[in-house]
Amino acid sequence: MGLLDTLKKIEPDKKESPFLHTLYDGFFTFAFAPDHVTKGGTHIKDGIDLKRTMVIVVLAMQLCYLFGSINIGHQHFSALGLYSGFVQGLHLKLAYGLVKLIPIFVVTHLVGLGIEFWYAAKKGHAIEEGFLVSGALIPLIMPPDVPLLWLAMAVAFAVIIGKEAFGGTGMNILNVALLARVFIFFAYPTTISGDEVWVAGLAKPEAGAMVEYGAIFTGFFNPLFESLGFTSFFDPTATVIDGYTGATPLSLAYQGGWENVTRVYSESQMWWGAIPGSIGETSKPLILAGAGILIATGIASWRIMLSMFVGAAVMAMLLNAWDATPFMSVPWYYQFWMGSFFFAMAFMATDPVTAASTNRGKIIYGFLIGFVGMIIRVLNPAYPEGWMLAILFMNVFAPLIDHYVLDANMTRRMNRANA
Amino acid sequence: MKNNILYTFLVALFLFSSNTAFAADSGSGSNILNLSLWGLAILVIFFLIIQVSDNLIRIEAKESGLDNKSQASVSLFPSFSNMFSAKKPSYVKEGSFYALKAGHDIALEGIAAKVVNAGAATTYAIQPQNFVGISPIPKVTVAVGDEVKAGDVVCFDKKRPNIKYVAPVSGEVIAVNRGAKRSIKEVVILADKEINYKSFPTLDLANTSREALVNHLLESGAWTMINQRPFGIIPDATDVPKAVFISTFDSAPLAPDLNFVVAGQGAAFQKGLDVLGMLTEGSVHLGLDARGTDAPSTVFTDATGVEKHWFHGKHPVGNVGIQIHHVSPIAGDDKVWTLGVQEVITIGKLFTEGKFDASRIIAVTGAEASTPAYVSTYLGANIGALAGTVGDNVRLVSGDVLSGVQKSKEEFLDFRDDQITTIKEGNEYEMFGWLAPMDARPSVSQTFLSGLVDVTYEANTNTHGEKRAFVVTGQYEKVLPMDIYPQHLMKAIIVNDFERMDGLGINELLEEDVALCEFACTSKQPLQSILREGLEIMREQA
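Residue numbers (our numbering), protein chains in the order written: chain A, 1 to 419; chain B, 420 to 961.
Isolated chain B, as found in the complex:
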């Protein structure tokens, strides 16, 4: 529709300008001029007829349900977005293809080498504060000195006692550390050399009801693998999601290559997908990577019983929130479940092997890591041990540099993270650093010459400026490929305008989705924490 109006407008404009430009001469009765104007008028009438019929075709297509995004356009005209967007790679054979324009890839130094080393971590922890909405002091069912098996219950929330948080490894509970106001910060387990698993029955999916399946997941702790949008919480046992979304690639800076991570795990991944398929009333959607020249792993491309969607673009294209927005946006009271690839495998192994297997392959990345590579370990591993030796003035981050959490060497990987980033602290003054910086630094803006060439940056944690009021506009939209106005949403959150927050799509976002906006922000506004404030307000209202 939009294009039509544009076309007609352009033609009218052209006709108008030619009429007026020659108006002075027309009095003299120039034949060629008159003829050409007549010709033009006939062309426009012809064009308008085609336009009207094109509109009618589209209306008809919409009414008969042919107008699907994944299908070829029914219009007679190519749309602007189709003409200029990226071409579909040849390996995309089934499923829909989305080319997203907004976004920005931050190329940092220290990408993980494609080898898997054995992780050196000996201690692992469950950190209740990883879970949104859990009460600060959950009921811890183990005491220091207890022996646990992988899959034994460690704690549960008194508000929702049926959701069990279980030990990722077997071993001895060596500490229950408390944080501010006596909240439980972490339950630390010293792992056995050989992990002992609590054994669970391997259910036959064909003969299991949804209720029994849910109970099995709750009992085994695998339920906690599920992240529910809106708000990013663990779902209630009674929640039935509209759909399940799994992004099979991560576009964040230095993110692990999930194709490499899942090698050889095809059966468990497929089993996990089958389980999730039984839990939703809709379908399981797989977001696939169409950015590279090579097709992604066959573990993903050969998955069955799922809807596949291919995505091409820049970060945050790999974020599941972006993919949901384009495939089937969260609207009204919709609930959507999302899982990471390794979390799906954990669920799958519960059914193929009968155990809670929280093994993880983690990418240790960043310019300050001594050997950036993958390590095999378990969920919630000690960060210092995995990261190896790092210098003094270095920050350890659980997750990526945009939405990860700063950790000390003694602390542990967060529940859903599969990456450790090491990055130099930027606590130095720099003369005229804002005007003529000494080193290349990543930027979404086009005000740095280094942006013109392909460089990988050795970034540091300096804020590169002070916090200011919102001044620049249109900046967030450039890096957020969603039909959302982030700046106006943030302002609505700041002034506590519920109706606007809801209307402008707060429920479609989690912190990771606006992280790139926060990075790009000229005014250095803390968008992720503003968004979380808004989400908490909405969650209390719901």
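Pulled out of the complex, with its shape left as it was, chain A reads as follows:
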């Protein structure tokens, strides 16, 4: 165990440099499972720990990451009328997507983990794994063109106010990743709404608008692709084509119902996710694959997912029955073709810390998220999508739901004593 000995040798002193020691401890326990043995209580312990739990959630999102980075490029080139097939010009799309995604990922983690480490050192406890998942989720729910400074502020806000102020991992009331998103949404309402934000690299989605490629595309990727034998390159002279809108299916549905949506996007296009939107939210089958991993491993609650689906379906049916606006008349099952319902269901609502903690409570909690989220989506023109607000809203109510579930349990026991 040469590596282990080397690592043990460079361990910083805990008293002299607490921050360095925390940092070291974080990375050391990442590389080596510690040699701690049980003391008192059970003599053997389950193989699972928080690191493993968290990393499985991160793994479940990897397909979304892969698809999201290609889709950033795909939407960009669609606006220019180039490479209309999803796999055409794949190298360009991937390169374009990664150039957008990697800075978002890096900034999220630098800011978020930096704050985590600092707090861990200050409080003198080990680095907790909570931000592994939050940090992986935040890039996926951001628009691809999000300014990095805003992102940094949003992450800092979410981690400090949303989590550390309450005592760290396991203590927060609101979903950290959604707090970062909601910060962006409410802090920069004029620049972050509208049709243009969902497609990267366009100042305005108007016909004839120029695209500005930075030096990294023309100076690095073009020569690289040339040397690799590709025949298509980033073209700085390309312009946005006529008739392009960049509108998401939801805003189209709001304007003119399902027919208006299908004029622009086909059903399979929406289902597979080649549409504008936040980075990781668009591809329904890949998100459902992730949800499948979470349910099969038992990491996320199927109760929340199922009841949230039922809640959204019931509300959509009620809206169908009401049928007052074009959006309300969108058949209830097509509501699931649009927007980020599945992403919110699989990865956001199921966060165990902020969700209801009793099994019965989870069913109520999920149902109400689906119910309320669909109301916000369809009835409120100010918000492009309902799930972010619905989940944060129900996060606040989760303890209340649990309170009543526990109360019922206590009453049952009390009745038994009195019987």
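FYI, nobody ran anything at the bench for these hints, they're computed from the structure.
Keep in mind that the hints are not guaranteed to be accurate.
Taking lysine-lysine pairs in the DSBU-like style, the calculated list, with each CA pair at most 30 Å apart, reads [unchecked claim]: (1) 8/A to 886/B; (2) 39/A to 604/B; (3) 733/B to 843/B; (4) 481/B to 828/B; (5) 600/B to 39/A; (6) 39/A to 910/B; (7) 123/A to 910/B; (8) 886/B to 122/A; (9) 39/A to 733/B; (10) 617/B to 8/A; (11) 507/B to 39/A; (12) 828/B to 39/A; (13) 122/A to 910/B; (14) 533/B to 507/B; (15) 886/B to 15/A; (16) 886/B to 39/A; (17) 204/A to 284/A; (18) 9/A to 843/B.
A quick note: this is a predicted structure, and the numbers were derived from the prediction, not measured.
With chain A fixed as given, assemble chain B onto it according to the hints.
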């Protein structure tokens, strides 16, 4: 009731969806569509009528007392739990049957072979600290060098001098060892080759009052066999239990097969049951094993004067606490007595043979034991001698790996334990051990591929992770087949909320019941010690 609401809801949902899905077409006056909707509406009305009458039947049944769990359901509909739960085995002829879903069996290597070897222990000890609530320095009535017979008083608690703790074997007292703060840790007896028993009169149960019976048990030391819930204490002489519960099987990892242990002890076991039957105002309940393909020992199935309850499920289904919860939960100021099978036999032999016979058959188990097998010995035997030769980096546990106590070779089996587990220490670093472990390890979570196949694990004592705040929810409920919210109960204990602790059912639990939750805990929280803290607070309040 719950099912009804669910059924109605589903039907309403179906009707709604079909209405709305076809709403666009109904304007065109499609006859088939209209007819089918009408048909559906008639069906629903018909269904609702049946529902209402079903509810009325159930209410009537409840009022006339027919609605007993052990009886067939009076409802017109099969309940969901009946449809999907395990089928009753054919050998279950009398008594009620419970199929529990929550739980988890941990398959470890080193199950004891079905042979009984003579135990090699020569020293035995009474350890006052085995008993909850005893004062740290009880009055020891023997001195080093004294000769004692099996059944002679060794010590008693100054707070409750009528409860006598007696010698399990005859021989010479060779040590009175003290622990922290001069507390009495153990009174050690070097056993004679041939055990001499103090002789007690064999009472005729028919002509004995309850008071005389209690006094006899107190005098002979057999009273200490009784464990009282809540809190897991030895009862006061004045306590009258609501019921007595005996679990006749142990579902813990590598637990001894009690069917094998009791072979040939039928008469003593039955006598013990008769005695206990006289001590309770309710009845003696026997929890029987309905997990296997074969019926349990006739010692259990032929027992008379008891109520029998059959249990099917995974660990902790064999824990008496779980069985009590399903048969007759502890509520209010209820007191329930529980005993192990071999403890019942000890009480029985006091009446059949007139002696305090604390002989025990112990299972020596675990992957590190040289010969995992049963050994015959006496209560409180020296662990090192029974376990035989074990390697250096091995932990000896009195009891099972979940709720047992770590012991050194020089120490002794705890009072109520009938198992020794040997297990390798896991004091090694492992590269990326949390992500890609080198060896298969038991887990309740479904995140390990080895969970998909039947494997027996050679587990070690590594914690497999560090302690964290409570993060994951719903995990404990998966392995605790009780109507209890363990995580919320633990949080109530941590913040000292008496009302909640009581309301959420702390009195129904002992450490062994939450041990599997502690094993499964992702955050590695010490649930058993948290629970004990809470129980101690409640005991002081009571």
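Hint check results:
At most 30 Å may separate the alpha-carbon atoms for a hinted pair to count; residue 8/A and residue 886/B meet this at roughly 21 Å. Between residue 39/A and residue 604/B the alpha-carbon distance is near 20 Å, which keeps this suggested pair within the 30 Å criterion. The hinted pair formed by residue 733/B and residue 843/B meets the criterion: a straight-line CA distance of about 25 Å does not exceed 30 Å. Between residue 481/B and residue 828/B the alpha-carbon distance is near 57 Å, which puts this suggested pair outside the 30 Å criterion.
Annotation: proposed proximity of residue 600/B to residue 39/A holds, straight-line Cα distance about 21 Å (limit 30 Å). Annotation: proposed proximity of residue 39/A to residue 910/B holds, straight-line Cα distance about 21 Å (limit 30 Å). A threshold of 30 Å between alpha carbons decides the hint, and for residue 123/A with residue 910/B the separation of about 22 Å falls inside it, so the pair holds. Only pairs whose Cα atoms come within 30 Å are accepted, and residue 886/B paired with residue 122/A is accepted, the gap being roughly 18 Å.
Among the hinted pairs, residue 39/A with residue 733/B is consistent with the structure: their alpha-carbon atoms are about 26 Å apart, no more than 30 Å. Of the supplied pair hints, the one linking residue 617/B and residue 8/A is violated, its CA atoms being roughly 61 Å apart against a limit of 30 Å. Between residue 507/B and residue 39/A the CA atoms are separated by roughly 40 Å; this puts the pair beyond 30 Å, and the hint is violated. Between residue 828/B and residue 39/A, the direct Cα distance comes to roughly 17 Å. Compliance with the 30 Å bound is thereby established for this hinted pair.
A C-alpha spacing of about 25 Å is found between residue 122/A and residue 910/B, which places the hinted pair at or below 30 Å, so the restraint holds. For the suggested pair residue 533/B and residue 507/B, the alpha carbons sit about 27 Å apart, so the restraint of at most 30 Å is met. Annotation: proposed proximity of residue 886/B to residue 15/A holds, straight-line Cα distance about 22 Å (limit 30 Å). For the given pair, residue 886/B sits about 12 Å from residue 39/A by alpha-carbon distance, which is consistent with the 30 Å threshold.
Between residue 204/A and residue 284/A the alpha-carbon distance is near 28 Å, which keeps this suggested pair within the 30 Å criterion. About 28 Å separates the Cα atoms of residue 9/A and residue 843/B, which keeps this hinted pair within 30 Å; it holds.
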